[in-house]
Amino acid sequence: MIWEVFRQERKGQPFTHGGSFHAPDQAFADAYAREFYARRGESVALWVVPREAITTIEEFPDEFDLKYRRVDGYSIKARLKEARERASTAAP
Amino acid sequence: MNARAQLLLELADDELILGWRNSEWTGIAPFLEEDVAFSSIAQNEIGHARALYELAAAELGTDADALAFDRSPEGYRCAPLVQLRLVPDWARTIARHVLYETADAIRIERLKEHDDAELAGIAAKIEREEVYHRLHAEMWLDRLGAEQRYADAVEELWPYALGVLSPELRPALAERVGREEIEAVERAAPGVEFAELWNEMTMVRRSAPAGAQW
Amino acid sequence: MGAREQEFLDYVQGGGLVETDDWMPDEYRARLIKFIEMHGNSELMGVLPERDWILRAPTLQRKLALTAKIQDEVGHCQLIYRVVEDLGKPRERCLDDLISGKSKFHNVFHYPTKSWGDVGVIAWLVDAAAIISQKALLKCSYAPYARVMKKVCWEESFHILHGRDTVLAMVTGTPEQRELVQEALDRWWEPLMHFHGTPIPAEEDPMVIWKIKSQANEEARQQFLEGYVPQIRELGLEIPDPRLRRNADGVWQYSEPDWDKLTAVVTGHGPASQERLEFRRLSRAETDWVSKIVLAEAA
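Protein chains in written order, with the working numbering: chain A, -12 to 79; chain B, 277 to 490; chain C, 4 to 302.
Because the hints were derived from the structure by calculation, they are not lab data.
Straight-line Cα separation of at most 27 Å, DSSO-like style, residue types lysine-lysine; simulated pairs:
no.: 1; chain 1: C; residue 1: K153; chain 2: C; residue 2: K138
no.: 2; chain 1: C; residue 1: K107; chain 2: C; residue 2: K92
no.: 3; chain 1: C; residue 1: K142; chain 2: C; residue 2: K154
no.: 4; chain 1: C; residue 1: K153; chain 2: C; residue 2: K92
no.: 5; chain 1: C; residue 1: K153; chain 2: A; residue 2: K(-2)
no.: 6; chain 1: C; residue 1: K154; chain 2: A; residue 2: K(-2)
no.: 7; chain 1: C; residue 1: K92; chain 2: C; residue 2: K154
no.: 8; chain 1: C; residue 1: K92; chain 2: C; residue 2: K142
no.: 9; chain 1: A; residue 1: K(-2); chain 2: B; residue 2: K401
Based on the provided sequences and hints, a complete structural model is requested.
Next comes the structure, spelled out in structure tokens:
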């Protein structure tokens, strides 16, 4: 049985994938995770997960370019310029 | 030598020789993950030996390395249990591991209550690491406990395990292990087999005059 | 080469990275497995020359450091075999092929260790040579392998320090201690010069073409010489190659190593090859029952 380990290097940081190993159950997996990913004090916390509990999703269709959900969906430069110009000429 | 130094040396010798015996598995343990885990246990034991020798050395006016390496082989007081060479028998290795950790826990709990603050302090520090050794021993006991070769190994090593502890602590060990107290294999001046081990352990160090840096 | 293979080749040559589940040409997968498996084998066989010296280590500190170094190597083998497993070859089969002599391991692990001087020279210089190759693998087109190399390189840097410190203690010790280092260096220099392989040009090396390796063999050797010859010489140690020198253009010149000897060594004809493989065969046979009851039932 293969286990995946995610490790946190310092408090407050995100957990990142460390690696994987064979272990027959959670007790062994916990012991091995401790040895493989924290024996030099390089982690402050570990997530130890059976590989079979993880699914991978790699297909993200976006056929009709729905960019309004991203920052590159907006080009405010020209409008902002015009708005600034109007504001300055309108001022008394 | 006073009783305090004697006690420290007994403990340190146990940890040094067991640490070495366990490190004999480095690179040849049953599978790779276990190899790494068992090596850490061996390193912790040698680390405990070093800390204990340092305390004894402060009292005897020497240093930890001199106590670990420069005594004559007859001067060591490690329990016969830790001297046994068990590679490549994993069932006996785990049986010794389980028995030793159980015995050591009893001894360390007692030492934590010691009037001597230094001894109590080092016992508390050692105990914090031994917790993980016990977890490791227990997970293996769960896996191998039902195997005949494991039962045979415990049967064989039980009198040796009793010899790790002083007589007044033995009933507690018998209770925890669930076996009857029988005649123990006592600590004694080590024999020929230990002399061979010592010979190899000190050969590099002895190749330069005393006091040489390595 | 088919259109799909060509597209893949263009992709990796343009710096593209590949993940485990991505489509890849059979040749690429086969080359990855062979190369990474040999790397894993080498980590595992690399344990054997050093492990005898755990007992003989002359101080507690050295005993601990050496044990930790060997522990790291076993850990590296585990990480690297995992990469091979995800490419389709299970660890048990890697071990079968290793002990039957079907797959190879690195030349330096076919030699015996004779003194404590070897322990220092191996940890310092063999690990230095290895870290040069491994650093170049950080740029491997196969990303899971490159990620593992990050952890491997980080741990190797401790080994070099441990090795250099061990050597320094001996060269500043008695004349006999110093001689242990010189004698070990004399024996290890040839294997070190073999370490990075024959000087095959990068444009002809399929491993470079597929971007599995990012560095030609000779480039790695030059980097080793540039970095370590001055460090060796500043300790007053002598390198056993009278023709070794640095040209004005910065290229190191050296006596041509015996490449046939390298081939012989890595195909199992080194001075300690068979003894080491036999030792692995035996220790695996003796503990096989454990992995069977512990790992197999969960598989």
